[in-house]
Amino acid sequence: MKISVSHKEAMKFEATTSKSSFIIDCPTISPIEYFLSGIITCSATDIILIPKNQGKTVTDLVVDGEVNRAEPHPAKFDTLHLTYNFNSDGDDTTAARWVMASLETYCSTINTIRDTTAISYSITHNGKLIRENEKMISGGGSKIDMGEIEACPS
Numbered sequence: 312m313k314i315s316v317s318h319k320e321a322m323k324f325e326a327t328t329s330k331s332s333f334i335i336d337c338p339t340i341s342p343i344e345y346f347l348s349g350i351i352t353c354s355a356t357d358i359i360l361i362p363k364n365q366g367k368t369v370t371d372l373v374v375d376g377e378v379n380r381a382e383p384h385p386a387k388f389d390t391l392h393l394t395y396n397f398n399s400d401g402d403d404t405t406a407a408r409w410v411m412a413s414l415e416t417y418c419s420t421i422n423t424i425r426d427t428t429a430i431s432y433s434i435t436h437n438g439k440l441i442r443e444n445e446k447m448i449s450g451g452g453s454k455i456d457m458g459e460i461e462a463c464p465s
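Per the working numbering, residue 312 is the first one in the sequence shown, and the count goes up by one each step.
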């Protein structure tokens, strides 16, 4: 992937990718807001595509993100909470699995910040809160002690 950013005027920049281009208008929308929008959009696309590949349909999808940032600069993300709200023709367990598949496996932007950011999420599916403030195993690059694992002989 390659992106080129060129200055246009004042605090406006044009980002050009291999597929398209768009204007970044600072400070109307800051680069960190674009970054967070990209993270959320990455997961949102998964919540549409994963069910579609299973013959299911998601409607009325809204994903909200809230970040707390460290002080001082570079003010990295300390925490990220994502709130998923959508309707579908899948059951609640399946809907939760779609979100987890996005967060744990498919969304590359979330997985890019996962080692340094504590990530949590809530899910409202078909008007019912099915997960609240669930935490991902993330943040600080922490290791999970799985204890001794006996290997199978080869």
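Keep in mind that the hints are not guaranteed to be accurate.
Here are the simulated DSS-like cross-link-like pairs (lysine-lysine), alpha carbons at most 30 Å apart as the crow flies [as the list claims (entries may be wrong)]:
hint	residue 1	residue 2
1	K363	K330
2	K363	K319
3	K319	K330
4	K323	K367
5	K439	K367
6	K313	K323
7	K363	K446
8	K367	K446
9	K330	K387
10	K313	K363
The hints are simulated quantities; they were obtained by calculation from the structure and are not laboratory data. Since the structure is predicted, the reported quantities are computational estimates derived from the model, not experimental observations.
Results of checking the hints against the structure:
Of the pairs offered as hints, the one joining K363 and K330 holds, with about 24 Å between alpha carbons and a cut-off of 30 Å not exceeded. Distance restraint check for K363 and K319: the Cα-Cα separation of roughly 40 Å exceeds the 30 Å cut-off, and the hinted pair is therefore not satisfied. The straight-line distance between the Cα atoms of K319 and K330 is roughly 20 Å, inside the 30 Å bound, and the hint therefore holds. Simply put, K323 and K367 have alpha-carbon atoms about 41 Å apart, too far for the 30 Å limit, and the pair is violated.
Simply put, K439 and K367 have alpha-carbon atoms about 18 Å apart, close enough for the 30 Å limit, and the pair holds. Among the hinted pairs, K313 with K323 is consistent with the structure: their alpha-carbon atoms are about 20 Å apart, no more than 30 Å. Simply put, K363 and K446 have alpha-carbon atoms about 26 Å apart, close enough for the 30 Å limit, and the pair holds. Between K367 and K446 the alpha-carbon distance is near 26 Å, which keeps this suggested pair within the 30 Å criterion.
With a C-alpha separation of about 29 Å, the suggested pair K330 and K387 falls inside the 30 Å cut-off, and the hint holds. Restraint check for K313 and K363: satisfied, since their Cα atoms lie roughly 29 Å apart, inside the 30 Å limit.
Checked against the numbered hints listed earlier, the structure breaks hints 2, 4; every other hint is satisfied.
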